[in-house]
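Novice: Letter by letter, the chains look like this.
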Amino acid sequence: MNQAITVDDQGLNHGLPCSLGGALSALSGIDGVDILVNGPSSCTGFAAGMVEGCHPICERNANRFNRLAVDGHPRIPCTEITDTDVILGISDKLVQAVELLVQKGRGRCIAVVNSCSLSLIGEDADNILMDHDLSSRILYLESTGCARSISKGYSEAIIKLIEKETDPKAAPARNTVNILGLPITQYSWKHDAREIRRLMGMAGLKVNTVLAAGANLEEIRNLVSAGLNVVINPEYGIEIAEFMKKRFNQPYVTAKRMPIGFDATRGLMDDVCGFMGIPRSDALKREEEHCRREGFLALTHSSRTEKIRGLPVAIFGEWAFVAGLGSFLHDYLGCRPVILGISGRETLTPGETGLLPCRDEGVQILLNPGMDQTLSALHKHRPVITFGSAFEEYLLNQVNLSPGFFIQTSMPEFNRTNLVHRPYLGFAGGLTFIEAILNCRLTSQYPYSFGEGESGVFQS
Amino acid sequence: MSENKHKYSIPRVKGSQLSCTLVGALSVLLNLRNTAVLLHGTPGCAHYGLKFCQQMLLREGEIIHDFSPPRMNFRTTALSENELIFGGEDLLRQKIEETLATFPDFPLLVIPSCTVEVIGDDVSGVCEEMSHRTGREVVYFSMGGFLKGDYFEGINSAYFDLIDRFLKPASDIDPRRVNLVAERSLMPTADIDFMEVRRLLALLGLDINTRFVRNLDFKALPDVPRAALNLPASTNQSLSVCERLCQKFQTPYIQEGFPGGFEDTRTWLSAIRDALKLDADIEELMAAEKDFFLQEMSRRGNPFKGLKIIVNTAPLHLGWLVEFLDLLQADILEMNILSTGYFEADFLDAPGGLSCPVNSGMDLEAVLANNLQKKADVYLQCSSHHAPIPNHQPGLLVREVPLFPPVGPRGLLNLFVEWSRWLQFTGVEGWRNESSNNC
Chain A
1 MNQAITVDDQ GLNHGLPCSL GGALSALSGI DGVDILVNGP SSCTGFAAGM
51 VEGCHPICER NANRFNRLAV DGHPRIPCTE ITDTDVILGI SDKLVQAVEL
101 LVQKGRGRCI AVVNSCSLSL IGEDADNILM DHDLSSRILY LESTGCARSI
151 SKGYSEAIIK LIEKETDPKA APARNTVNIL GLPITQYSWK HDAREIRRLM
201 GMAGLKVNTV LAAGANLEEI RNLVSAGLNV VINPEYGIEI AEFMKKRFNQ
251 PYVTAKRMPI GFDATRGLMD DVCGFMGIPR SDALKREEEH CRREGFLALT
301 HSSRTEKIRG LPVAIFGEWA FVAGLGSFLH DYLGCRPVIL GISGRETLTP
351 GETGLLPCRD EGVQILLNPG MDQTLSALHK HRPVITFGSA FEEYLLNQVN
401 LSPGFFIQTS MPEFNRTNLV HRPYLGFAGG LTFIEAILNC RLTSQYPYSF
451 GEGESGVFQS
Chain B
1001 MSENKHKYSI PRVKGSQLSC TLVGALSVLL NLRNTAVLLH GTPGCAHYGL
1051 KFCQQMLLRE GEIIHDFSPP RMNFRTTALS ENELIFGGED LLRQKIEETL
1101 ATFPDFPLLV IPSCTVEVIG DDVSGVCEEM SHRTGREVVY FSMGGFLKGD
1151 YFEGINSAYF DLIDRFLKPA SDIDPRRVNL VAERSLMPTA DIDFMEVRRL
1201 LALLGLDINT RFVRNLDFKA LPDVPRAALN LPASTNQSLS VCERLCQKFQ
1251 TPYIQEGFPG GFEDTRTWLS AIRDALKLDA DIEELMAAEK DFFLQEMSRR
1301 GNPFKGLKII VNTAPLHLGW LVEFLDLLQA DILEMNILST GYFEADFLDA
1351 PGGLSCPVNS GMDLEAVLAN NLQKKADVYL QCSSHHAPIP NHQPGLLVRE
1401 VPLFPPVGPR GLLNLFVEWS RWLQFTGVEG WRNESSNNC
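Chains as they are written, first to last, in my numbering: chain A, 1 to 460; chain B, 1001 to 1439.
One chain only, chain B, in its complex shape (with noise of 0.2 Å):
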């Protein structure tokens, strides 16, 4: 296991199964291009499937427009409760013929569900079956809602699915092309973190072979062994689909994700030129980036200089965060990370780590105190879906930090325009003072 596995991924909880597979293979079919996927399932999980995909869908269209062109590529069988009691297999071979019917040009990615599990129907045979039938590719991905596993189980499956029944050994390797592997399609910067990537990619001299899956089409999957180099795009999420990769057609792969921050940007840059064996000055590079990074924030003004920060978080690799503040000359008072006997306790930076005064192990209610008591003039808060920070007393200046770094110097320089313009508003925040006792 990497030492760094969990880093730059969201808190677990201890002994927790976060979603199920089913939303992790969605978030990793649903990125093909030409596809059609196909749940075998019940009304339930296909509504929720699709609100879900829908809401990936207009957060991608809210951020950007190139990337996202429309795909209503999603059916259902809707099991009924005939179906459970006498097996859903004739359904699913009718719903078969229909969708290969409506996408005459595309393959069909077949999904089951829980309870397709619990009622024993044999999805691979009839997807075998209606193959030979049709003579078209219907694809069974060998899922089973939470019953095969958690949402990070879902994703390793479908790319490894993909990767041993589509992929081949490519011959006609391009030493200045490499794979960006497994994106977080969930998270709405995916593409304005994709475009600082290919920035830096183009500093080394370097071009984009395929984004392995997001936004590829069905039909350019095999070029993807035909990079010389994969790039996992977090550490968590898409090692394992690299090693996958290595294994079956000796691409190497680095073992940084997507970097977040100067530091991490360095190490990631150098890695890539050690495995390509390329001759570029990193150091030269780095100190072009930062030069530029000094220069923007000194010709639009430093509103963070000096300020006093007090941090509240779940616990996440923050390093990124300290390294972006002392960037920024703001003094960090401390950092308050709540309870790792909630957490598992590998997702937290090593106190030790970091350049600031670390509270671990701290409840809710005593971060919130500890806030009311120290006298910061803003407090920025990493929160995750299972720890929100309700941090909302009267006269407290609060910023949300994003979950995930911000990739690059321009990631970077992003946030602080984006934070610049937030401090620099003069406002009060009334609402502050309301009581919730009627909420």
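Okay, chain A solo, but in the shape it has when bound (with noise of 0.2 Å):
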């Protein structure tokens, strides 16, 4: 490996946010849930917003809670902690609080999440609600979201919600599958959900649940009743495949990265169709010609497409993201990534590096990168496409690269909107990303060819 592994040493782990936002990214993609945040308003405004970004939901059905006595944020309440209930308690705001949940939330399950404040503080809020004969409904998260990841706080939240709603006797279904790891705030969620039941539904599987994203209590009851999970990250998805198989002894088949692009998604493909006893359907088949034939297509009508060998590119995102992306850009492309930047891990395993596109010479792997480090890199390999957030995107402009585009892929994002069925997993994902990086090209005036990047000669 020729790849330099820098650790941000900046302080800066602007790319992810804390736990809190994974519990309530978690529950609020499965209908039928009503959150109450146990802590103040600023961490619930702020955890909620993103999830109202990520999963909006339509405004005349949003302030449903406005008018109880909790406040927070239009779509989650919180009971609303302040510098006086820590020292006097917290136990009559919270009851009061469930109580008018009880009372007027549409969900069949409440979910209270502490925030990081009041779980250092010591608060048992599962005994308040247990004292008051409130626990029947009531769905307790200990969250912590200071200390610990998005993912954790993600997979927790579903665990807790799989123990309680679960039955362990659903009745089985025949060639029946749950797919897990698609959190809401994974860009493109709602494309990909629908993109990979579409893809299951041509290898003649149903989907019992795409878990937490779009999905309902009904679905979280069935889970067992499904004959195998599918995990699509295992960032998102392991733990919660390790569960249930410990849980209900279900077993799982699981993506090495996110499935992006053909040969990725027939690797995922295979092995479900292979576990499940079942040949590969025409249908499939089919699908996977289409979507090699049109990008083929593309590719060898495009007068720039020679240009796309060896294009420097920088990938920013979650690993397995990274992972998926980074492997179909390299493998099947022929780009070059020169940035792979890495959210929210702090360390890889061996088998983690192993996966990333790192094998070509002067790949530098960044992990948590800070807004140094991101703008030192940026500048040193002076990447034509950039994929990740809108942090990124705002720091590609202060280096003001030339061409230097930019491709959104992670959340957060402030000025897009992503509506049109454009979904990054799949075969069909691979369409999407050959399309934007062709319209790149395209789209390109400068009379750049690759090495330049590097070299700086263009550099203003």
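Hints are computed from structural coordinates only; laboratory data are not their basis.
Computed from a predicted structure; not experimentally measured.
Even glycine gets a Cβ: it sits at the ideal position worked out from N, Cα and C.
Treat the hints with care, since some could be wrong.
Label pairs and their computed distance ranges (CB to CB) [stated by the list, open to error]:
hint, chain 1, residue 1, chain 2, residue 2, range
1, B, L1186, A, N439, 34 to 40 Å
2, A, E52, B, K1277, 50 to 56 Å
3, A, E294, B, N1034, 32 to 38 Å
4, B, L1294, A, D92, 56 to 62 Å
5, B, N1034, A, E52, 31 to 37 Å
6, B, L1403, A, V102, 30 to 36 Å
7, B, N1414, A, L297, 48 to 54 Å
8, B, T1102, A, D331, 33 to 39 Å
9, A, G122, B, P1188, 39 to 45 Å
10, B, K1308, A, N127, 55 to 61 Å
11, B, H1132, A, Q96, 46 to 52 Å
12, B, G1125, A, K245, 28 to 34 Å
13, B, G1125, A, G122, 35 to 41 Å
Build the complex: two chains, separate frames, hints provided.
Specialist: Okay, here's the thing in structure tokens:
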């Protein structure tokens, strides 16, 4: 391996929110769950704002909690803890808020999520709820947002929900799978969920649920009916899959990295079909052929296609996404990843590093990249296309690369919306990225050829 | 307490704490140029804080470029579980050293979050120690997330700390220069409002000494006491800062925030004239301003003339809107005000004070049902973060009113042009017919 691995030394782990955000994003992706944050309005407002950005609901329904005596966010109320409550105790506020939610909430399940300050202070909200006989409908989560990752908060919330809601004796349904590890904080999650359902359908499989990505409580109750759990993103799904294997003896197969593009998707679908004992269907074969042909035609007919080989690209995001996209760009399109920025991780196992496209000379892997590191890497490597979030876009504008294109692939986003079905996962995901990259190249009027990204010939 | 303490401010939910001191402090301190800000707290707070600030910067970028150089001076200690158990002081020392090295010419402003308050780090002591050890300015700001109060307390506390530590009395006070104090930096219109204020002050022959602290160079802080008068940007955020400046440096200030509408502008200009004992004919000035507005309105054509309008609103001071619609010769059928059982009552204009029928204390369903019954041409809505009014019914022509009034006569003119363009479009909004059952 020739890559340099650097961990953020400026302590600006700007890429990802806390585990409170993870818990709220998990629960908000399931219809029928009302959420109450036991904490201050500030934490709630930030995390709920993020959830609303990822998974907006109709404004006509959004303010249903407005007239409760609990505040926070139009969508997710909170107990509005202040310094006085920390001294005098939160019991009254919590009980009052839960009682109001029991009375006026629409969901069948109420999830109470502690914010990190409350957890550090040691408030025993679980006991308070039990004392007031409110625990039967309540799912209580000790979120401790501060020190743990968003994926941890996500997994724990889902596991708690499964413990409470899933029926271990649900009748098995033939050729049915659950999809795990697709959080609503993943940019394009709606399209990806739809695409994965479509692919499974082509394979002759029924999807019970795409867990926490537009799911409902009925699907959670029937989780055990599926014959297999399919983990799309190991960072978010593997813990849940392990839990379900241990608790319900339910098997799982997992994508090694996110299935973006042709080979990775084929590998996952082969694993799934193989486990379920069904042959690859004609529909699935046709879909793969169609996508490969469309991509091939676009690539062979584009006058700028030759310039994709060796194209220096930077990819920022969580590990499984960077590995998935990076491999497609590197192995299929022949792009040259020069920066791989992994959010939310301070270390990688050798196995995880091995799945990154970092075999070439001069790849820089940034772990938990901060602003200085990201800026310095962009300056140094001068990628022609950067894949990432609005944070990287903002930094890219500072570097003023010419030409320097940005393709939004992760959250947060400030200035875009993503409505048309353009999935990032699956065979079609490969086409999405081929299209995006070709459009960058075709609109570029700059006399650019590759290699100059590093040499800085055109550096202003 | 000033009578108009809550004039032009966000209506507060009863018993609610709006956000936390961290956000308030960031909204002040990130405006200072040539400083570095270090948040001693968790990665989550840093993420949300940075997102919030970048949104602020992006918004600035969208609107006007002259006033918004990129500021990437925000750092965090990003506490891990280890520090939560064993304390974060060592990490703070390390990050202070690193940040000072990254910004060799900048003072460092350190803000602790609520988790740091809970684990009991001596942030003040570490800042003092590092200041002695490095010979650089490492300034502790006494925040503590939600444990030290809300957004407004964070703003006040940050301003008070800046005043107490960095401002010294000045002898060379310039009688023609004034400060703009505590502008609303998070409002996307902050710099547009500033331009109108600057224009109005020029009519009185006055110059701006400093914007305290909007885009202010840290080295220019000692210039703040050289102003002859302080002008609070708003009555809820800025008056206490003006009062502190007055206590420390005897700089007088006026009680009015930046003006919304003609009457407000008249009062505001008169207050400045009186405070500085200027020889200016405000009536003449205002007559010229109004003439210009009416001429422009007539030149462009007034599509609002004779239109029937219903206003739905959270409890806000809307005298400026009523005055504006009167100028446009529109007919306000009624004003529906959402229940004050939910909001703090003192944010509400006295119903008798408005020259239109007012229905107070309505709940949301009643407002929406009322809108469907009455036949208005246009529905204007003043919302808030806590009370969005989801008025998406088919056939309604609905326009959001700014939460705060546009500043000065030119602000109103700008609003008139924008609304006229909107109203003159004759298309329909087919999407309003969609069902929301699946949302």
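Novice: Now, for every hint given, state plainly whether the structure supports it.
Specialist: So, going through the hints one by one against the coordinates:
1. Between L1186 of chain B and N439 of chain A the CB atoms are about 35 Å apart, so this pair conforms to the stated range of 34 to 40 Å.
2. Distance hint check for E52 of chain A and K1277 of chain B: the Cβ-Cβ separation is about 52 Å, which falls inside the suggested range of 50 to 56 Å.
3. Range check, E294 of chain A to N1034 of chain B: Cβ separation about 53 Å, and the 32 to 38 Å hint is violated.
4. At about 57 Å, the beta-carbon gap between L1294 of chain B and D92 of chain A stays in the expected band of 56 to 62 Å.
5. Checked against the given bound of 31 to 37 Å, the beta carbons of N1034 of chain B and E52 of chain A, roughly 36 Å apart, stay inside it.
6. Roughly 33 Å separates the CB atoms of L1403 of chain B and V102 of chain A, a value that falls within the hinted 30 to 36 Å.
7. Between N1414 of chain B and L297 of chain A the beta carbon distance is about 51 Å. The supplied range of 48 to 54 Å therefore holds.
8. The beta-carbon spacing between T1102 of chain B and D331 of chain A, approximately 38 Å, falls within the hinted interval of 33 to 39 Å.
9. Look at G122 of chain A against P1188 of chain B: about 41 Å separates their beta carbons, and that is inside 39 to 45 Å.
10. The beta-carbon spacing between K1308 of chain B and N127 of chain A, approximately 58 Å, falls within the hinted interval of 55 to 61 Å.
11. Taking the beta carbon of each, H1132 of chain B and Q96 of chain A are about 49 Å apart, inside 46 to 52 Å as hinted.
12. Look at G1125 of chain B against K245 of chain A: about 50 Å separates their beta carbons, and that is not inside 28 to 34 Å.
13. Distance hint check for G1125 of chain B and G122 of chain A: the Cβ-Cβ separation is about 25 Å, which falls outside the suggested range of 35 to 41 Å.
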